[in-house]
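*Asks:* Using the sequences and the accompanying hints, generate a full structural model.
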Amino acid sequence: MAQLGERGTPDISIRIGGPAGAGIKAAGQSLARTFMREGLWTMDLTEYPSLIRGGHNVITVRVGPKPFFSHAVDVDILIALDRLTVEKDGPSLVEGGAVVYDPASVEAATLPSHARGVPVQLDEIAKRNGGVIMRNTVAMAAALALLRFPLEPFESALHAQFDSKSAEVAEGNVRAAREGHAEAWKHADDFPLRLSPVPGAPERVLVDGNDAVCLGALAAGIGFYAAYPMTPASTLLHYMARHEGDGVVVKHVEDEIAAMNMVVGAAFTGARAMCATSGGGFSLMAEAFGLAGVTESAVVVGVFSRPGPATGMPTWTEQGDLQFVIHAAQGEFPRVVLAPGDRDDAFHLTWQAFNLADRLQTPVVLLGDSYLSDNRQSVLPFETARVTIDRGETITEGEVSDYLRYRDTPDGISPRAIPGVKGAEQLVNSYEHDEYGWGQEGERAEVRVQQDEKRMRKMELARTLAPAPVAFGPLEADVSIVSFGSTKGPIRDAMDELAAEGVSANFLQVVTCWPFPAREVSGFLAVAKRSLVVENNYTGQLEQLIRQECLMEPDDRLHRYDGRAFTYAQIAEKAREMVRRPARELTGVTR
Amino acid sequence: MAQLGERGTPDISIRIGGPAGAGIKAAGQSLARTFMREGLWTMDLTEYPSLIRGGHNVITVRVGPKPFFSHAVDVDILIALDRLTVEKDGPSLVEGGAVVYDPASVEAATLPSHARGVPVQLDEIAKRNGGVIMRNTVAMAAALALLRFPLEPFESALHAQFDSKSAEVAEGNVRAAREGHAEAWKHADDFPLRLSPVPGAPERVLVDGNDAVCLGALAAGIGFYAAYPMTPASTLLHYMARHEGDGVVVKHVEDEIAAMNMVVGAAFTGARAMCATSGGGFSLMAEAFGLAGVTESAVVVGVFSRPGPATGMPTWTEQGDLQFVIHAAQGEFPRVVLAPGDRDDAFHLTWQAFNLADRLQTPVVLLGDSYLSDNRQSVLPFETARVTIDRGETITEGEVSDYLRYRDTPDGISPRAIPGVKGAEQLVNSYEHDEYGWGQEGERAEVRVQQDEKRMRKMELARTLAPAPVAFGPLEADVSIVSFGSTKGPIRDAMDELAAEGVSANFLQVVTCWPFPAREVSGFLAVAKRSLVVENNYTGQLEQLIRQECLMEPDDRLHRYDGRAFTYAQIAEKAREMVRRPARELTGVTR
Amino acid sequence: MPTVAELEQACKPTWCPGCGDFQMWKALKQAIENVGYTYERFAVVWGIGNAGNGADFLRCQGFHALHGRALPTATGIALTNPELKVIVEMGDGDGYGIGGNHFLHSCRRNVEMVGIFHNNQIYGLTTGQASPTSDQFMKTPSTPGGVIEEPVNPVGVAVAQGATFVARTFSGDVAYTQSIYEQALRHHGFAVVDVFQPCPTWNKNNTFKWYAERVYKLEDEPGYDPDSRVWAFEKSLSTFHDLTCAPDSCRLPVGVFYREEGVPTYQDRLPQLAQPMWRQARKPRDISRAMRALG
Amino acid sequence: MPTVAELEQACKPTWCPGCGDFQMWKALKQAIENVGYTYERFAVVWGIGNAGNGADFLRCQGFHALHGRALPTATGIALTNPELKVIVEMGDGDGYGIGGNHFLHSCRRNVEMVGIFHNNQIYGLTTGQASPTSDQFMKTPSTPGGVIEEPVNPVGVAVAQGATFVARTFSGDVAYTQSIYEQALRHHGFAVVDVFQPCPTWNKNNTFKWYAERVYKLEDEPGYDPDSRVWAFEKSLSTFHDLTCAPDSCRLPVGVFYREEGVPTYQDRLPQLAQPMWRQARKPRDISRAMRALG
Ligand SMILES: Cc1ncc(C[n+]2csc(CCOP(=O)(O)OP(=O)(O)O)c2C)c(N)n1
Ligand SMILES: Cc1ncc(C[n+]2csc(CCOP(=O)(O)OP(=O)(O)O)c2C)c(N)n1
Ligand code: SF4
Ligand code: SF4
Ligand SMILES: [Mg+2]
Ligand SMILES: [Mg+2]
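Just so you know, the protein sequences line up as chains Y, Z, A and B, in that order. First residue of the first sequence? That's 2 in the numbering used here, and the numbers climb one at a time after it. First residue of the second sequence? That's 2 in the numbering used here, and the numbers climb one at a time after it. First residue of the third sequence? That's 298 in the numbering used here, and the numbers climb one at a time after it. First residue of the fourth sequence? That's 298 in the numbering used here, and the numbers climb one at a time after it.
Derived from the structure by calculation, the hints contain no laboratory data. Just so you know, even glycine gets a beta-carbon here, dropped at the ideal spot from N, CA and C.
If the Cβ cut is set under 10 Å, some of the chain A residues that face chain Y in the computed set are:
1) P310
2) N347
3) H361
4) L363
5) H364
6) G365
7) I395
8) Y420
9) G421
10) T424
11) P429
12) P441
13) V444
*Replies:* Next up, the structure:
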């Protein structure tokens, strides 16, 4: 068990736990926002079952003066709103960690023996200042007191949150906070951890992956977003719907089939169009995803995975859909699959996805997961100056003549004249077709070959346009990690932790998963001392692609498939273990 | 251009071409049946566009005294019901081949110069004996005359076909046949090919792949079949519907989503249940296919591919869905994919699929394509004595106690008690769940891991139960071919042709595509002099699997993606070309 | 024949306090006890949603199916085992949104089974988006500007599409709901039961009070005519209202809108379904005749 | 503004001789000419089927969509370019079978577009299986024992579900069909036009003669009341008949069943849809305010 303050990283983690419906997530997020505004860096981890009430909900806020990339591993301060939290989260507390609890509902004797109990009359204080709903306010103020963190920033946050609703409620919250702060302050001397504001820190924003995707889509000039709610993609719909006023038609439709077919229709008019869902919704979209392929429609599809199969584990995380999105839908057609690793990637890959879709006139998938979608991190505002709009060979105005929608060209791209352009009579066709679009002609063997080859040729262009893998860490390292998507954060933190111990690690983040960057991955693996593929799934789908595309096998692999994200500690431990093993025990066959 | 009678094989090919709606397919099939009944072997190839009328329809009947495995490469006798046939199919005629045509509609001058014209008053003879509809009868009789094949068998076939409807029509047809026969007989002396009945030949049946699958399903005791029509799978629905009286509930449902979900429901009651479709319908089934995976439902799903993407080329053939069926649906779960190569495989793999589904309690895919589904071959009646019923650990009657539907067991198989069994209260669940089936418990990390591992463990059992690859040809060969599915026929014919020339070839037919038989394929490739993967698709999906699972690359590959099946000649030519090349030019990197 | 208590699971309901799903759960257990099925003689299929979460709480031969697909799964069960009464529990998003096509076709198919729709006019489990039955202009996270479609009219569609038993009830009246359930369970054919089910957590518009002030029983009014499709259709239209309507200008009928007995069910028309279909798979079927037909 | 001749393609129709699709093609071309759209101002979306095969034969801005999915594709077009009138051509399997859910939801959405359903009561392109509108007891390759479901009642469902223009016509009367098309094209909202379209190849039951003997025009009878949903619903029920009914006991109404003008369309309620949405994507959108909101 870790000791308080013993971790390599200079940050602190605070967990709030209680039943669903107690406002746990909002509480944690306002704590994080308070810290962020005072110049600290934060990362949330929300964990909850697929229930509206009851069950056990938890948010853990990691906070510190230096940036980090992933969620907390263990807990320094546990705010236990109920007994279940003590029972379930007690074991995550570091030796000497504090448990803020209400002696009225939790008995001191039930606290773990290695914990420091901080009894605060959460209920009573809340009630006398306005109602039980304020319990979270009391508890958060108590946590701040333990860290000797000033209360004023939190008070202004409460004012900001409640003033517009009711001055009375705002005042009540502030009073409740002060009382909680005062009560916990008594225990602060015993508690060694301290946290202070960092003055003059740069402005930051608190975003989860879905916020970042939405911002990227808005920046890219999205005009149409259609979706059917599905965890963890639902908040994209909420966000986009709130931004209809920015010039986006947002439709909550009857099912995912409609969403995808509408998006293809919207692309026909030249709108930048996107839909997003989780794996289950994408299953239903598969046919129309192929429609986008054969009709050469520029669409962006977000697939934010949760553990499957079928309904699976709606509120948890997994990277189980990589091979599915690469192979979904009957027949063969070009597609691009981009996997953002963090919020910055999510923003920039999203607007790039729209450009790629337009350049290639084919569907582009943004593949994420709940871990990235759901959890907030403080980040520097996204560099909007980098955003460009490249609509490729799309003709939106004026006139065309002798127009052939599917003209055979050297790079496979046929100029696309959208409806409204004079002379743009055309037939966009789900059947195989000739250059004009006629289905009858598409039955001829030579026409089929022409069009199939034309489409597939776009994969070559895609290889040159799609983002290359990104390498982190030293050129030579004791352990070389290959991974994709949201494992990026834990891997980067693990690298830092390992570096502090004198173990060097480097990391190749596969950003474009399809077309697969075989050259870069092969090169990285070829010089690796010990190679490791990290994946949040059971079957090792990235490794399958590496084997298929590079004819190489990594030395080892780390999988997790219990619905939870990797912690950096877990990855670091795997790397340590590999370094301890003599090289000949590693299983790699190719070098 | 091939010369008449010059092909290595002692068989003859007759093509009938004309517009859709002229009864071309039926005509060709009754010709084939006549030959079969007289002891000859036959194979059809039907080619038609996705139209009800017009267009250009063709059926080619290959017939000979010895068995063969695939369709004809070129044409010895062309029956041209219209000018378009002369134009389109003339080039396929061998040097000295005959064209049976009606001088009233086709001018002799338009015939290809290398053809022997056989003018027959098709229209007039038909009309005077009962109507234009009898044109096919006249033409077929003419073809028989050219081959000096006796007319009687054909006459009895006509009687068999029409007597029940009207003696007059039967008589008319017979008269028309006689006149056509007589007219063509005049030209038979000039035409060197001859065909005679083979007396005492064993009984045969004329089946296409879909017939074979249906017979396999019926033999296996299927109780429920649900489908939405989709070429080339529609005739399965027709066949099954005709056999409702044998004790099958057959439902033509509102869409493929309903079909797949109904089949999963039917499996819940212990019925042997199946649905079938083409790739587009399977796209819609994907989610419920995953439902079968997580609920551990024993279902059989037929996927009979046509060229995609999307609507694609409905009436043509392709092997473009292999990777899709292996990866369809969100999340990870065990599945088996079986690819019949011919009609005998289709029969036997179908009943085996039901046994596998029951043994493994997981979905089993039968992956075929239009080439196999649509075309008839004369085959020995299927060996029904080989059919066994193995329902695995399925409890259909009696009583169970302390029943846990998802009990964790060493091989991953949990005994399945169906509704109606006393004590079988259970919760079959699309959510992750615990051993009882409760979804709430499935959110716990350890329960998830238990159930995920339990399910995936079934893949190990699947490896031991699923049919192994089948090897054809000598142990050592000049060229070693790996392929799957319906390319089997052309490959086997190509091997015979090559053998006749002194080139030896062997062939490994991958029957179970998933779990992939890596050991057997690696072994086969490792000792191959020159290895070749043959696939009816663009991207080389089988090769991708070989690379992924065997870390090996074949020396060369042959793809076809124009919607047409390989001919044996094409494959033989590729093999010859490989043998001509010095070995160092082959591209293989692993051996 | 399980009693209400025996129908409960060790796994206890997790619905929000005050959720109408509790009442429907209660009514269903009582109706099953009253009709008197043994455990072996009925099966329950759930869709996905808070309604569907009921799967964990009822002891039975159960199937928690996909979102929107409970009806076809149930149909597969009903058409392969004639000895089972199949009950299908769905949400309004589940049953009328994503599952709308199966609803439409189930009505015209008249498979004997009971479809219960938890109509809370909201997507509960996914945190409060508009459902296909949400009232026009209702603001939700997916429609912050207000719903602009006309709501689904499940009773009207069911009646138009040939369902042979079409009823609606309000979960707040548990006894009435239970009596409607019993009639539905005893109906020979496809029974549609739409239930106004308040969702106190997300739907702040259609609350218990809101429904209670507006519902009235069809059979209490003159002219009650559940034999007439046209009458039922006309009554179905009176559900349309706007967000602010006063209780007396916006009366919501509950009860049996339409009932037609004596129509043969789908199962009745399948002579091969005399017994559970698993019995077909005890030994290889003789296909010699079928094979000979291809000779 | 293209004339009938200019609306034709070099690619000529391949429908079977005598197919009702020819007549519908004729009526549509004439209606478009009469209403007077330029090529740039309308788009046509087809589903898959023989009806859908019309995609090859009409010169326009066209989209041949997936089987069953023409309505959502068309909706995506209509909701991103307000300058286009969108016409959707579907088969009965296409529109009411696999596409039934989109039909249901399109009716309640009232997106301005015209849905034309080629109702030949059969699956034409896939060689004659029963369609959701096939008459009960009809024998087809997928129902050799006869259809046992009640047919879909598209008019009834559309009226129940809030469609603002619901009409039916018979392709055999080309002039009448054309006039219904023109009214539908001029309607401000979602217009549903179901067309009895004989399929001489596969449907030997509902032939030209069969329809011709049975159809009558709604407006020719007393009590014509297309403002009333209930009246329209009642009339929709009279389509139900059995295979052997005599012409006079089985009269099939055609004409406008229901029409409601003045209802705001979906597009009307989207202020952001003042112009084609591609204009939003000419330069990066300023997201500074949205980003600041997260600070
Ligand atoms: C294919 C698919 N799409 C989306 C979801 C996500 N989802 C789960 S429940 C639900 C809607 C819940 O609303 P409703 O059906 O009305 O049930 P309620 O929770 O209100 O009882 C949705 C959209 C899913 N599970 N599967
Ligand atoms: C997902 C999917 N399922 C099935 C098909 C096959 N299919 C093509 S057209 C058609 C039905 C045609 O009937 P209808 O819609 O009534 O049109 P018609 O040909 O009668 O005009 C079917 C089932 C398909 N293309 N896609
Ligand atoms: S969210 Fe609504 S429907 Fe769901 S359990 Fe809570 S109150 Fe009931
Ligand atoms: S099959 Fe029927 S609907 Fe299709 S083109 Fe022929 S007549 Fe028309
Ligand atoms: Mg609901
Ligand atoms: Mg039709």
